[in-house]
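Using the sequences provided together with the hints, build the complete structure.
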Amino acid sequence: MKIAVLMKDVPDLVEELEVEDGALPLDDMSFVPSEWDDQALEEALLMKEEADVEVTAVAIDTGDVDNMLFTALAKGADRAVKLVGDFSRTLPNRLRARLFAQYCQAQAIDVVLTGVQAIDDLDGQIAGLVAGLTGRAHASVVRDVHIEGSQVTCVQEYSGGKMAEMQLAVPAVLGIQAARKPPRYVTIAKVRQIQKSATLEEVEAEAGTAPLVTVRRIYKPEAAGHAEMWGDDVDAVAESIVRLLEDKKLLRS
Amino acid sequence: MGQVLIVAECQDGRLSDATQELIGRGRELAQATGGTVTLAAFGEGARDALRDADADVAVVVNGDGVQQYNPEVYEEALAAMVEDRQPALVLLSNTTMGMDLGASLAARQARPMVAYCTALWRDDDALLATSQIYGGKLAADVEVPDGAVVTVIPGSWPAAGSSGSPRIEEMPSPAAAHTRVLKVMEAESGGDVDITRADILVSVGRGLQDPDNLELADQLAEALGGVVSCSRPVVDAGWLPRSRQVGKSGKTVKPKLYFALGISGAPEHLQGMKDAELIVAVNSDENAPIFEVAHYGATVDILDLMPALTERLEGRAG
Ligand SMILES: Cc1cc2nc3c(=O)[nH]c(=O)nc-3n(C[C@H](O)[C@H](O)[C@H](O)COP(=O)(O)OP(=O)(O)OC[C@H]3O[C@@H](n4cnc5c(N)ncnc54)[C@H](O)[C@@H]3O)c2cc1C
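These protein sequence lines are chains A and B, in that order. Be aware that the first sequence starts at 0, since it is given in numbering that gives the first Met the number 0, and climbs by one per residue. Be aware that the second sequence starts at 0, since it is given in numbering that gives the first Met the number 0, and climbs by one per residue.
These are calculated hints, taken from the structure and not from any lab test. Computed from a predicted structure; not experimentally measured. Errors might be hidden in some of the hints.
Reference excerpt, derived from the structure (chain A facing chain B, CB under 7 Å, subset only) [said to hold, decoys possible]:
1. V83
2. D85
3. F86
4. G127
5. V214
6. M228
Only pairs whose alpha carbons sit at most 27 Å apart, straight line, appear in this in silico DSS-like list of lysine-lysine [claimed, not checked]:
7. A:K161 to A:K189
8. B:K182 to A:K161
9. B:K253 to A:K161
10. A:K180 to B:K255
Ideal Cβ placement from N, Cα and C applies to all residues, glycine included.
If you want it as structure tokens, here you go:
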């Protein structure tokens, strides 16, 4: 059975986000794999440990995605595919989804896993978009994916801790909320080593057109409120907290 | 604007708050331009739930396929409704159902989409939406084209009161060919401790860095007479049981005091704790969104603060 993990990289939230003229200067920012795509990759690798599946990590060449793909190989993916063409960092999700959908159809992928969301997908989440474009069975906000014959089972999370066990016929698309185990870690040395011995498969692709939306501006939201800040001296902060709790009568007498 | 189609969700026999929010806004938008509001609802119970909703028409999908949520059945029904009615705007809540169906419906019907919407307004002739992105750190104002599918973050604006009597239309539920729901499991209640009943929560996030540091949180909770809760990644990493998780897919809590330690304040976390009476946030990143809902905050390392505060509290108790 063929599993594809659709991956993208997103700006690293650890770094300060500076907005310039209503837009993000994406070319100057550092990128990390979207955390939910990382969870999807981990789930696929765990599925590989319990069934006869081939795991392919797929990313669109919108910048430097090689490291993300080599890391997927180092973690245990069987193949890594880069969809190449004239794509920029600002490629909207609707076009990304078209590229992924074309690839999954052409390669007759059985189970598509991808992150339930990404921090920048303002025009729709990849899982649903790819499912809609390919007409495949799908479920999002899921975890615990297992292959059973020509079906996949998974748990879909509702709000507040309620959930459902479900079964989908392949081909299927799943938006992964979390892997069964925390994503595995590989050393930079191991990624370098793979980089020398393995190659990324390049597939030419064309995005075509899709219904897009126009972003007028991006900005830091005006906070409805803000905490009164106590500064950065540990002892002073601890003292302030104790005083606050005394004030509010929240201390045990 | 022509028709606003709102995908309704029911909870305990009534429309969910999130759905009432969509109805309120949908009605305002429709009214301004002489449009109408149509609700799409599922299951036998829905008919009672939406009887007095502020909508013109309610389409109730009924039959074996909708006894519980099944993405395939719901999507087939919605696709047929959209095809048939050609709404000018489709609104869903950004719940599991909205995350499941919004994007696929948009892609299937070749309609534009805006996700994570927190505001929806008219500016001259254009409909605009604010979309919350980058974990709540940024917002984007987006033009919403005619026919778009928009998913709205619950709690973005006030809920509508019930003040209508929609004409009810029935629609037989489509059959599920590929997707089966095997078992629905209710939320585990309680777990080892019930965080929804605690007055004081010491809540830890990914800033904890290592499960060994949980001891520091335990000691602080002990000194405060509180309980340790957490954000989702702490549960996903297996450091604490799911019963301790606060947020959209965890518990909603309203303690007297909520310590958010090493928690960034992603929208999904805020959803579960923003109504706490008193919120104190500690995060090394001064731009963390958690500071926008917290009453008091500090930018110190939680691994230094937790033991320092515990010591002070213990010293005070003598
Ligand atoms: C459908 C869905 C449902 C979800 N449901 C939930 C839910 O119920 N609950 C939930 O919490 N999340 C939920 N999430 C996940 C949510 O989107 C965020 O990923 C999550 O809340 C982030 O957790 P965090 O704040 O602990 O981690 P991060 O966002 O990684 O934040 C860690 C913070 O710690 C700070 N930090 C790091 N080290 C230190 C230190 N030494 N001292 C002080 N500060 C430090 C950092 O500055 C950072 O702000 C859900 C997501 C989806 C898609």
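A quick look at each hint next to the structure:
1. With a least beta-carbon distance of about 23 Å to chain B, the hint placing V83 of chain A at the interface is violated under the 7 Å criterion.
2. For the restraint placing D85 of chain A at the interface with chain B, the shortest Cβ-Cβ distance is roughly 22 Å, beyond the 7 Å limit, so the hint is violated.
3. This hint is violated: F86 of chain A has a C-beta 19 Å from the nearest C-beta of chain B, more than the 7 Å allowed.
4. Nearest Cβ of chain B to the Cβ of G127 of chain A: about 3 Å, under the 7 Å cut. The hint holds.
5. With a cut of 7 Å, the hint placing V214 of chain A at the interface with chain B holds, because the nearest CB-to-CB distance is about 5 Å.
6. Checking M228 of chain A against chain B: minimum C-beta separation of about 5 Å stays under 7 Å; hint holds.
7. A distance of roughly 40 Å separates the Cα atoms of K161 of chain A and K189 of chain A; the hinted pair therefore is violated under the 27 Å criterion.
8. Restraint check for K182 of chain B and K161 of chain A: satisfied, since their Cα atoms lie roughly 11 Å apart, inside the 27 Å limit.
9. Of the pairs offered as hints, the one joining K253 of chain B and K161 of chain A holds, with about 19 Å between alpha carbons and a cut-off of 27 Å not exceeded.
10. The hinted pair formed by K180 of chain A and K255 of chain B fails the criterion: a straight-line CA distance of about 33 Å is larger than 27 Å.
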